[in-house]
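Undergrad: Got chain A sorted already, so can you dock chain B onto it with the hints?
Each protein sequence line maps, in turn, to chains A and B.
FYI, the numbering for the first sequence is 223 to 594, going by this note's numbering.
FYI, the numbering for the second sequence is 149 to 478, going by this note's numbering.
There's no promise every hint is true.
Think about it this way: if two alpha-carbon atoms lie no more than 27 angstroms apart in a straight line, the pair counts; the simulated BS3-like pairs of lysine-lysine are [unchecked claim]: (1) A:505 to A:554; (2) A:425 to B:210; (3) A:459 to A:554; (4) A:425 to A:277; (5) A:419 to B:458; (6) B:194 to B:210; (7) A:253 to B:284; (8) A:459 to A:425; (9) B:214 to B:228.
Keep in mind the hints are simulated off the structure, nothing from the lab.
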Amino acid sequence: MSAFAESEANETFVLNLGPQHPATHGVLRVKLTMDGEYIVEAEPVLGYIHRMHEKMGENRTWAQFLPNTGRMDYLHALAFNHGYVSVVERAAGIEVPERAEYLRVITSELNRVSSHLLWFGAFILDLGGFSPLLYAFDDREHILDLLESVTGSRLTYCYFRFGGVYNDIDDNFVAGARAFIKRLRDRMPMYHNLVTKNIILMKRLQEVGPISAEMCRKYGATGPVCRGSGINFDVRKHEPYSIYPEMDFEVPVYEQGDSMARYMVRMDEIEQSLRIVEQALDKLPEGPVMAEKVPKIIKPPKGDYYHAVETARGSFGVRVVSDGSNTPYRLKLRSPTFSNLSLYGEACRGMLLPDALALMGSLDLVIPEIDR
Amino acid sequence: MYVDPEIIRLLAFLVGVIAFAALNAAYLVWLERKEAAHIQRRIGPKEVGPFGLFQPLVDGIKLMTKQLIVPAGVDPVLFKIAPILVMVPAIMSFVTIPFGETLVARNLDIGLLAIFAFASVNVLGLLLGAWGSRNKYAVISAARVVSQNVAYEIPMLVTVVTLVMITGTMNLHTIVLQQQGGFWHWNIFNLSASPLMPVAFLIFFVCMLAETNRAPFDMAEAESELVAGAFTEYSGMGFGVFFMGEYANIVIGASMATILFLGGWDCPLGLFPGVLWFLIKMYFLIFTVIWIRWTFPRTTFYGLLNLSWKILIPISFFNLILTSAMLKVF
Numbered sequence: 223m224s225a226f227a228e229s230e231a232n233e234t235f236v237l238n239l240g241p242q243h244p245a246t247h248g249v250l251r252v253k254l255t256m257d258g259e260y261i262v263e264a265e266p267v268l269g270y271i272h273r274m275h276e277k278m279g280e281n282r283t284w285a286q287f288l289p290n291t292g293r294m295d296y297l298h299a300l301a302f303n304h305g306y307v308s309v310v311e312r313a314a315g316i317e318v319p320e321r322a323e324y325l326r327v328i329t330s331e332l333n334r335v336s337s338h339l340l341w342f343g344a345f346i347l348d349l350g351g352f353s354p355l356l357y358a359f360d361d362r363e364h365i366l367d368l369l370e371s372v373t374g375s376r377l378t379y380c381y382f383r384f385g386g387v388y389n390d391i392d393d394n395f396v397a398g399a400r401a402f403i404k405r406l407r408d409r410m411p412m413y414h415n416l417v418t419k420n421i422i423l424m425k426r427l428q429e430v431g432p433i434s435a436e437m438c439r440k441y442g443a444t445g446p447v448c449r450g451s452g453i454n455f456d457v458r459k460h461e462p463y464s465i466y467p468e469m470d471f472e473v474p475v476y477e478q479g480d481s482m483a484r485y486m487v488r489m490d491e492i493e494q495s496l497r498i499v500e501q502a503l504d505k506l507p508e509g510p511v512m513a514e515k516v517p518k519i520i521k522p523p524k525g526d527y528y529h530a531v532e533t534a535r536g537s538f539g540v541r542v543v544s545d546g547s548n549t550p551y552r553l554k555l556r557s558p559t560f561s562n563l564s565l566y567g568e569a570c571r572g573m574l575l576p577d578a579l580a581l582m583g584s585l586d587l588v589i590p591e592i593d594r
Numbered sequence: 149m150y151v152d153p154e155i156i157r158l159l160a161f162l163v164g165v166i167a168f169a170a171l172n173a174a175y176l177v178w179l180e181r182k183e184a185a186h187i188q189r190r191i192g193p194k195e196v197g198p199f200g201l202f203q204p205l206v207d208g209i210k211l212m213t214k215q216l217i218v219p220a221g222v223d224p225v226l227f228k229i230a231p232i233l234v235m236v237p238a239i240m241s242f243v244t245i246p247f248g249e250t251l252v253a254r255n256l257d258i259g260l261l262a263i264f265a266f267a268s269v270n271v272l273g274l275l276l277g278a279w280g281s282r283n284k285y286a287v288i289s290a291a292r293v294v295s296q297n298v299a300y301e302i303p304m305l306v307t308v309v310t311l312v313m314i315t316g317t318m319n320l321h322t323i324v325l326q327q328q329g330g331f332w333h334w335n336i337f338n339l340s341a342s343p344l345m346p347v348a349f350l351i352f353f354v355c356m357l358a359e360t361n362r363a364p365f366d367m368a369e370a371e372s373e374l375v376a377g378a379f380t381e382y383s384g385m386g387f388g389v390f391f392m393g394e395y396a397n398i399v400i401g402a403s404m405a406t407i408l409f410l411g412g413w414d415c416p417l418g419l420f421p422g423v424l425w426f427l428i429k430m431y432f433l434i435f436t437v438i439w440i441r442w443t444f445p446r447t448t449f450y451g452l453l454n455l456s457w458k459i460l461i462p463i464s465f466f467n468l469i470l471t472s473a474m475l476k477v478f
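One chain only, chain B, in its complex shape:
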């Protein structure tokens, strides 16, 4: 029987992508707990397996064996569909991410666009889940999530548009290929295209934090204000899937920053490029994200919007204009 090798390849990638997303979600929780513990001079998980490495496994079993409670008065369809709406687009996004020179499931020409399109669905999931929960805290949280994401998608996309102008393509694979040959070729140091490139990276990173609802922009969850925000009514695996979706989104965000600004799988010194370098850069960014969470207090909601509308958007637009002017001149 003849089976198209392309189908086998796609199946292998499908399994690989889901496994990668799930494994990351599980072990980022472990990393988060361990890192938080060390920042706070504790030890963190240590009982289950060496260094508590089996802790995510046990946590997963606990979440899965819990009853799925659908509280009275919620919208049953929206309530159940919301966690899936957060998780699925996150996994879909992995399809277009080139981890290595040959390690990409589907090399789309509009990969960049596809990822940002999928990323926006995440907000919809949170909004529907919170709205369907019929809980006042959740509704407040939903309102926050939407306005926060609208505010932060603009500077993020303007920065990405700047980058597309420089690279001339939306194909993630090509974008990385253009940055090969050492850290001075990376987009973050591409000062001849725009002297503001490091700032652009910073804007992208901050927007990524806000997009993924990470501290100090965790307005949606804000446990000391809104109890658990959008997740207040969720328990068991419903909450677990939300959680996994959040971590998958962090992985996507860090991967995007790596691809767009840090040269993807390129080695900083131009030697031996490979998937290992991609993972090192990505996990370093994720480490930083967790580090920020356990160091800073939460901003307020209006402080967050002020930062976006009054600082990030003007700077990113200025960068856009500067870049286009420099492209025209040189």
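Chain A on its own, in the form it takes in the complex:
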């Protein structure tokens, strides 16, 4: 039994973080090689919730794939809707009425706020603070009610159609959205006072989990992850689509690259999204919400089309190859969190387990979107 007493130098052990683990928020498995509590190597293992969305797209008509998009990133489903309908509209040459574009932006930005609020709660939960989650859910509930009143669902939205949106908003929605903007603006200082300025939180996030701009470029990280590392890239600004060029908003960028920077980017983005919603509500034009001449069966001409949108987690791109039939020949989805997670193995090398989990939380992972 002397084997127990003998210890080799640099002895490591493998710790399976997941696929069932409270910190991974889904069925992600990370194979950690640990030296005590230090991480020597981390390897994310995917595939536990793979549903072959891309292949599914090739076996369905263009319109039938639409509900699938809301089931990938269930937290920012409307942006995924937006990406897919935009690429099909580009391929089929469908004009979208202006009011419909406004509605798309309003609902999508509200959805972005709800996604960030949920991330905020879940992230603090990862750090061991339970209470902010309930407050964030309280605010998020208002958005869900608003979106439910116009889209009919609360989570996996399928609101956008080729050529517009399927339902117009009413005065209740406008009043509700304005009331919500005011409410959240009043509450954001509370979040900052109670959570952001908390000394324990600051110590846990500042200078922890640094991700360099170079690493972001290497792995193709987008969204708040790259903006927290000093890369000013936001599809809404740099490859503008929909009515974003008409909106006045800023892209929050932080140079530090630590977990705190990513936290601050998201908190600032909530305010910017509220600004966009407010302007869009002010400028909302009258008119139809659906283009008139949308063919029942869409058959885009032969070609290769791509469209990217900015989701709450980064740039989501859809590439479709059409052979002129009523189903796509090839559908390729570029989901942001997949790239964001790819850098995890390199970023958390040598870190302590709690810090690595804080880093993972700051990446804002949505597993069904990574696995698709």
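TA: Chain B alone, transformed into the frame defined by chain A:
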């Protein structure tokens, strides 16, 4: 038949102490859930009995009727003995705690020492349970618990030594008697002995949080990192006993803070001292402990050790030296 009244007295106290510990453990869970709920703008338990007051009872029945699972590969002896090792010393500690002027089971001259000796066994229980579980998360948790407790017992004991120097006794009953007559007599405001007494109380309180593995120092459990830490493999009453032991330890910690710093059963205004005041102070401290848990995020492990070795230990040693100097001078 003649029965020594001392034996009857001891039996009554034994039953009383166990009942007090168990009742506290059960109803502190209720308090914790209710308080957490109100901090989070919820209602909390409300279905079982008025204000959910029978909830602990139902929880207890649920835990007791569950099968005791001993997973394959664990060390069966250590695995089973660990929860008891956490619970028993906690109940033993109640023996020396003077709740009121006459309400103490055994008034030991070394009561203070006895309590800290029992408190250390708690760590051993957690360590053995985690080690015996044969679970990687539990072993990480065990390593954390031990180094955390070693780090925090030093400033705690140095603070207690400072206090013993001031009071000149380890008898808890005498320590309280010395603080009678209003809040300005309490050790926390005993500024003539050492101007750092309020700080000493703070150090004691923080160390108590760390000793009992309460948030923000709940490294052992750390549910978002280590799943359930040392308790990962425990289910049913095995887990329940661990849980009760934890709460009993919180009660002990709050009682010690009350006795050593807040004048025990003394009324703040010097009128009508009694056991009621002891309970008020103790439950106020427990309330604060729960309040902290639901307000702050968890610290990291190295942050915790840094706090102990770089801040708490130097301050408590400085306080010790200052107190001894002042005792010598005045």
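Undergrad: Which of the stated hints cannot be reconciled with the structure, identified by number in ascending sequence?
TA: Of the numbered hints, 1, 2, 4, 8 do not hold.
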